[in-house]
Amino acid sequence: MIETFYMAWRYLAFHKLKTFILVTSVGLIVYLPIGLRVLVDQSSRQLTARAQATPLVIGAKGSQLELVLNTLYFRSDYPEIQRYQESIRVSDSRLAIPLYVRFHSQGHPIVGTTLEYFDFRALKVRSGRLPAVIGECVLGARVAAALQAQVGDDVISSPENLFDLAGVYPLKMRISGILEFSDSPDDDAIFVDLKTTWIIEGLGHGHQDLTAPEAASGILAREEDRIVANASVVQYSEITQDNMDSFHFHGDLLDYPITAVIAVPHDQKSAAILQGRYLSSEGGAQIVRPSRVMEELLDTVLTVQNFVMAGAIVVGLATLATVTLVFLLSLRLRRREMETLFKIGGGRLNVAAVMASEMVAVLVLGTVLAGGLTLLTSQLGSLVIRTLVRM
Amino acid sequence: MMPNQVKKRLELWAALAIIGFLTACQQAVSPEAGDPQKQQASTAKLQIYVVNYPLQYFAQRIGGDQVRVEFPVPSGLDPAFFSPSPEIVSAYQGADLILLNGAGYAEWVSRATLPGSKLVNTSQPFQDEYILEDAVTHSHGPEGDHSHGQIAFTTWLDFTLALKQARQVFQALATARPEGETIWRQRFEDLERDLLELDSTLNRAVTDTRPILGSHPVYQYLARRYQINLRSVHFEPGEYPDERSWRELKQLLEQHPAKWMLWEDQPLETTVATLQQLGVQSLVFDPCGNTPQQGDFLDVMRSNVNGLRKVFGQDSSH
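Same order as they appear, the protein sequences are chains S and C.
Per my numbering, residue 4 is the first one in the first sequence, and the count goes up by one each step.
Per my numbering, residue 3 is the first one in the second sequence, and the count goes up by one each step.
Keep in mind the hints are simulated off the structure, nothing from the lab.
All C-beta atoms, glycine included, are put in the ideal place defined by N, C-alpha and C.
Careful: at least some of the hints might be erroneous.
Which chain C residues face chain S? A few, computed with CB under 7 Å, are given here [what the hints assert, rightly or not]:
hint : residue
1    : V91
2    : S92
3    : A93
4    : R113
5    : A114
6    : T115
7    : G118
8    : S119
9    : N123
10   : P127
Produce the complete structure using the sequences and hints provided.
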């Protein structure tokens with residue numbers, strides 16, 4: 004038996020190029036469907052992990068996918084706006100985390116939220132601290148690396164529309180801290196207090212004290228306790244310790260905009276009660292389970308995967324047939340070699356065993372190669388996926 | 003006959019097995035006994051941050067040595083207008099509870115990032131009883147008029163409202179640490195008796211509607227609750243009023259002939275003298291928003307109440 008394998012091995016080792024091609028072909032045939040499956044599974048797990056960690060999301064009625072992508076991954080256009088009051092309404096017996104994800108700074112999403120978000124996502128500060136006042140921000144690890152920013156530096160919000168001169172003013176924000184790497188979309192975001200996003204939008208602002216003498220040039224009219232200012236009144240585009248006290252908001256904060264509320268019910272019962280509130284078709288809000296939305300999305304992806312797998316299997320069978328044909332053809336080409344083996348005393352069975360051993364060795368080596376590639380995919384596949392997704 | 007070595011090993015294993023069994027039994031009886039984090043959480047002091055001294059007093063009086071109450075406003079500053087540094091705000095973020103006065107007190111809160119789940123607005127139960135003040139309005143741009151004020155915020159000077167705030171403090175403590183509720187309830191009821199006694203004493207002291215002046219508009223809730231006929235000016239204890247202020251006071255005295263003016267703190271002697279020339283005596287009625295130099299909240303309020311009793315007992319004519 005050993006002699007049979009030895010002879011098969013010596014033959015394969017002598018014909019290196021042919022062996023290499025055959026082993027690689029077999030390896031790729033076996034690897035393709037398995038590797039694809041591993042890759043898709045990893046992608047699914049990555050996409051669904053965050054969705055499964057987020058129990059419920061409440062947003063304005065509209066596209067559920069857009070709501071989930073914007074809330075969990077800070078992607079897509081921002082969904083329909085809802086009122087901050089929705090967050091207060093939800094928070095009576097459960098944790099409610101409002102989010103306003105609309106603005107950007109140099110391509111990075113600015114996420115307006117509350118401190119509870121950081122506890123909920125278990126985000127830790129690597130350097131500095133979380134925002135303490137309006138106008139401060141904390142950067143995700145990848146944002147800090149991309150901007151080469153440190154604690155104490157500034158980032159400026161991007162205008163929404165370059166041609167809307169009367170629209171959203173850029174706001175300069177001080178970096179109070181940088182988060183630890185979390186291997187999540189949070190690494191690519193800039194986090195601010197919810198009120199800071201409202202200031203970016205212009206719903207809150209700071210300006211000169213109109214009752215002070217130095218603001219006289221900015222006043223159109225003054226009647227007892229009423230002052231009318233003109234457009235020359237200076238509005239601040241940066242919040243500092245000196246001017247922070249002048250910042251204020253107009254109107255009722257409950258009417259202010261947010262894009263979503265992450266609801267974290269205490270238990271199944273309160274989750275069911277909360278979902279029941281939004282069953283009615285009246286009202287402008289909807290409640291979604293992010294895991295269910297992502298499952299539906301992935302079902303579509305998996306359908307495509309099945310087609311790809313079917314194609315890969317067909318290709319694999321064709322390749323296997325080709326490899327078999329190569330073997331059979333090589334047998335014809337090795338007729339003289341086999342005659343020599345017979346003449347030196349090799350029996351028919353022994354010769355057949357040598358040929359079969361060659362084939363088995365190629366298959367085994369090919370399978371080992373496929374296994375190695377699969378292992379590599381399982382280790383590095385998630386990194387490749389994340390890189391491709393960010394691109 | 004078993005060799006000695008083997009015998010000793012068996013004995014050792016048997017001893018270890020018994021110890022292990024007993025430890026497992028103890029774990030089963032008190033599961034938290036093996037959980038150091040849970041133990042630490044239940045015995046550690048509840049860390050509370052407050053925005054003014056009355057809340058600090060209530061929290062400390064009710065919580066006792068099971069709480070650690072922090073009030074980082076430096077003495078001498080008015081906590082209502084204190085503007086903390088980001089580092090101080092960061093310290094607030096780490097608290098187990100943050101007690102707010104509400105009614106617009108401590109405006110810095112609206113510009114700070116504080117954990118909503120830990121905030122307790124102690125005046126929320128009586129929001130419909132807030133007193134609205136006149137304010138300066140201004141307008142710019144298309145939004146129209148808006149005002150930058152002004153809800154009166156010295157709610158604790160109405161001792162019935164102070165009691166409601168203290169009750170909110172007690173309920174917040176009991177929610178955060180239910181195991182302390184029994185003893186905290188006892189302490190709260192003690193405080194309740196003291197506040198009701200103050201309320202009753204002051205109610206009895208104010209016997210008529212003689213006009214009184216307030217040096218600053220901080221006595222609104224006091225005036226409303228105890229039906230004190232009080233009008234306010236804008237005098238500061240540490241500053242001598244200007245000519246315009248004296249003129250306005252004289253005009254006010256023509257309609258509101260007060261004989262006493264309440265001050266937040268001891269006024270300048272020159273101011274006192276000028277007021278005396280106008281027939282107005284000065285009395286310190288300390289709102290006690292910040293930590294008093296001597297005594298505690300109750301001591302200061304008792305002193306305030308005694309002062310007002312003197313006002314209403316000293317002069318029987320209007």
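Report holds or violated for the interface hint on C:A114, using the least CB-CB distance to chain S and a cut-off of 7 Å.
holds (5 Å)
Is the interface hint satisfied for C:S92? The criterion is a beta-carbon contact with chain S at less than 7 Å.
Status holds, d = 5 Å.
Restraint satisfaction for C:G118 [CB to CB of chain S, less than 7 Å]:
Hint holds; C:G118 Cβ to chain S Cβ min 6 Å, cut 7 Å.
Let's test the interface hint: is any C-beta of chain S closer than 7 Å to that of C:N123?
violated (12 Å)
Should the hint that C:P127 touches chain S count as held when the rule is a Cβ pair under 7 Å?
Because about 16 Å separates C:P127 from the closest Cβ in chain S, which is outside the 7 Å limit, the hint is violated.
Quick check on the hint: C:S119 CB to chain S CB, less than 7 Å?
holds (6 Å)
Tell me if C:R113 is really an interface residue toward chain S, meaning its C-beta lies closer than 7 Å to one of theirs.
Since the shortest Cβ distance to chain S is 5 Å, the answer is holds.
Under 7 Å is the threshold here; is the Cβ of C:A93 close enough to any Cβ of chain S for the hint to stand?
Result: violated, 9 Å to nearest chain S Cβ.
Quick one, is the C:T115 hint okay against chain S at 7 Å, beta carbons?
holds (4 Å)
Hint status (Cβ of C:V91 to nearest Cβ of chain S, threshold 7 Å):
Since chain S brings a Cβ to about 4 Å from C:V91, closer than 7 Å, the hint holds.
Consistency with the previously given hints fails for numbers 3, 9, 10, ordered from lowest to highest.
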